[in-house]
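Trainee: Sequence:
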Amino acid sequence: MPTRIVTRFAPSPTGYLHIGGARTALFNWLYARGRGGKFLLRIEDTDRARHNEAAVEAIIDGLSWLGLDWDGEPISQYARRERHAEIAYALLDKGAAYRCYMTTDEIEASRLRAIETKSRFESPWRDADPATAPDGVPFTIRFRAPRDGETSVDDVVQGIVKFPNSALDDLIILRSDGAPTYNLAVVVDDHDMGVTHVIRGDDHLNNAARQQQIYAAMDWPIPSFSHVPLIHGADGAKLSKRHGALGVDAYRDLGFLPEGLANYLIRLGWSHGDDEIIPRVKALEWFDIAGINRAPARLDLSKLEHTNAHYMKALDDRAVVEKSAPFFARASVALDDGRRAQLLRAAPFLKERAPTLAAIVDAAGFLFLARPLDLSGKTGKALEKEGARALLAEIAGKLAGADWSSPEGLETSLKDFAADRAIGFGLIGQPLRAALTAGHSAPSLGEVLYALGREQGLGRIEDAVSP
RNA sequence: GCUCCCUUCGUCUAGUGGCCGAGGACGUCGGAUUUUCAAUCCGAAAAUCACGGGUUCGAAUCCCGUAGGGAGUCCCA
Numbered sequence: 003m004p005t006r007i008v009t010r011f012a013p014s015p016t017g018y019l020h021i022g023g024a025r026t027a028l029f030n031w032l033y034a035r036g037r038g039g040k041f042l043l044r045i046e047d048t049d050r051a052r053h054n055e056a057a058v059e060a061i062i063d064g065l066s067w068l069g070l071d072w073d074g075e076p077i078s079q080y081a082r083r084e085r086h087a088e089i090a091y092a093l094l095d096k097g098a099a100y101r102c103y104m105t106t107d108e109i110e111a112s113r114l115r116a117i118e119t120k121s122r123f124e125s126p127w128r129d130a131d132p133a134t135a136p137d138g139v140p141f142t143i144r145f146r147a148p149r150d151g152e153t154s155v156d157d158v159v160q161g162i163v164k165f166p167n168s169a170l171d172d173l174i175i176l177r178s179d180g181a182p183t184y185n186l187a188v189v190v191d192d193h194d195m196g197v198t199h200v201i202r203g204d205d206h207l208n209n210a211a212r213q214q215q216i217y218a219a220m221d222w223p224i225p226s227f228s229h230v231p232l233i234h235g236a237d238g239a240k241l242s243k244r245h246g247a248l249g250v251d252a253y254r255d256l257g258f259l260p261e262g263l264a265n266y267l268i269r270l271g272w273s274h275g276d277d278e279i280i281p282r283v284k285a286l287e288w289f290d291i292a293g294i295n296r297a298p299a300r301l302d303l304s305k306l307e308h309t310n311a312h313y314m315k316a317l318d319d320r321a322v323v324e325k326s327a328p329f330f331a332r333a334s335v336a337l338d339d340g341r342r343a344q345l346l347r348a349a350p351f352l353k354e355r356a357p358t359l360a361a362i363v364d365a366a367g368f369l370f371l372a373r374p375l376d377l378s379g380k381t382g383k384a385l386e387k388e389g390a391r392a393l394l395a396e397i398a399g400k401l402a403g404a405d406w407s408s409p410e411g412l413e414t415s416l417k418d419f420a421a422d423r424a425i426g427f428g429l430i431g432q433p434l435r436a437a438l439t440a441g442h443s444a445p446s447l448g449e450v451l452y453a454l455g456r457e458q459g460l461g462r463i464e465d466a467v468s469p
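Quick note, the first sequence lines up with residues 3 to 469 if you use the working numbering.
Just to be clear, a hint being listed does not mean it is correct.
BS3-like mimics (lysine-lysine), calculated; alpha carbons at most 25 Å apart, straight line [unchecked claim]:
(1) K243 <-> K305
(2) K96 <-> K120
(3) K400 <-> K383
(4) K305 <-> K325
(5) K40 <-> K240
(6) K387 <-> K400
(7) K305 <-> K240
(8) K315 <-> K325
(9) K387 <-> K417
(10) K284 <-> K243
(11) K284 <-> K305
(12) K417 <-> K383
(13) K120 <-> K164
(14) K315 <-> K305
If you are wondering where the hints come from, they were derived from the structure by calculation, not from laboratory data.
Every value quoted in this text rests on a predicted model; they were computed, and no experiment measured them.
Input sequences plus hints: build the corresponding full structure.
Mentor: Below is the structure:
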């Protein structure tokens, strides 16, 4: 118990931070940080071809954007290959591994034979006399896995999982070119990094048994394992390119807030009773591996949007402007100082109805229209009604003397006007809305007027009165 | 083929033997807001708890099997 918790996130650099990986990272981060432990980052680039700086950068960007920080420098598995080889040879010295001189073809043949005879694949070199080894021929180092009995993994999420050793054959731990293999590298690195809790995708559950055997052979303490189910696409199949957005960067570009994505992700496959809105502080307090579900979960964009909308509403007004600016740029809407000021003024109402930052651009559509507004077609229908324009003129008069310092004041003015005339609000609301927004969706009229400001607001009404 | 994992409303889930003739959330549908709307509020439909056995006075909850889905099966991670 007194040992400090150490978790790690170990992605392979594929070019972006996978949405599923982001969730595992989040779980690891939450578990460690919520308990005063350490969270480490390791890049699984054992395979030389995977060693790619740009891809590592993408992962770092993704994690940072999500607000997940790690202790120390990211560790490169590739950089530790000599240490891995050292352990492979240590295993060899202990007799827990052996040199295998089989060629690829021999392995293939032997593998097929094993399947046919329902026996486990075994290298003839496992028990061969080392003296008979060929000279100058490349060899791999194989782990000498126990033939009988079973290996049971005590997994926090999955429970106790038993594997008959007959199903676990002698895996290669060091390739013929001297490079370590995944299962060896993970064990060595996790051990050296002092990882106490391994939380990762359940596609690694099978590996856990093999890795556990290596731990045992080295006499190293076995960490706590938690294998969490993968995230699937809306159709239930494993998430792949055809599902669209895979990397967290794609969700950022869609206008999601890191807080929103994180909240949605943590709720996917994990629960704390009926709680849906779980801000970071609560997540740190509540997160526990025990709450993780064993079944894979599907990604649901609608719910993501709903969750994100919650965090949009909570956004500070200045943040609404700053964070949505890139989305205006992308929509080719130039934001000069004047428009930024307008946007800031409207921010309190816009964020109420925009589920994403990208949606702010649409929600602000009515703001930046140039006078005179295009009131042709369906938009101006409300203005064509008998007496509509005359009524608008009167409203303009009333508004000219109104209090423009708050949306409420303007709303009250309009309501009073309707009450004085003893007419339904709809009668003035419809033409007014048309004059002010030209059919764009917008907040309540008091808010629209306030956001537009006296000059622009009154101006638009004038335009509609005398086209 | 073999080994392992999974299976509660369309989706995410609550639920660890009686409080469940199954609760919440998203979505959907209907209504309200005498002003648009993707916002807000209210309401409704929606799961024979994959299926079949068993244990038990009693099972979504325990056991066995079947089906479907997923992972692994070697010089990928």
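Trainee: Each hint needs a verdict: does it hold in this structure or not?
Mentor: Taking the hints in turn, this is what the structure says about them:
no.: 1; hint: K243 <-> K305; in the structure: holds (21 Å)
no.: 2; hint: K96 <-> K120; in the structure: violated (30 Å)
no.: 3; hint: K400 <-> K383; in the structure: holds (23 Å)
no.: 4; hint: K305 <-> K325; in the structure: holds (22 Å)
no.: 5; hint: K40 <-> K240; in the structure: violated (31 Å)
no.: 6; hint: K387 <-> K400; in the structure: holds (21 Å)
no.: 7; hint: K305 <-> K240; in the structure: holds (19 Å)
no.: 8; hint: K315 <-> K325; in the structure: holds (13 Å)
no.: 9; hint: K387 <-> K417; in the structure: holds (21 Å)
no.: 10; hint: K284 <-> K243; in the structure: violated (33 Å)
no.: 11; hint: K284 <-> K305; in the structure: holds (20 Å)
no.: 12; hint: K417 <-> K383; in the structure: holds (22 Å)
no.: 13; hint: K120 <-> K164; in the structure: holds (19 Å)
no.: 14; hint: K315 <-> K305; in the structure: holds (16 Å)
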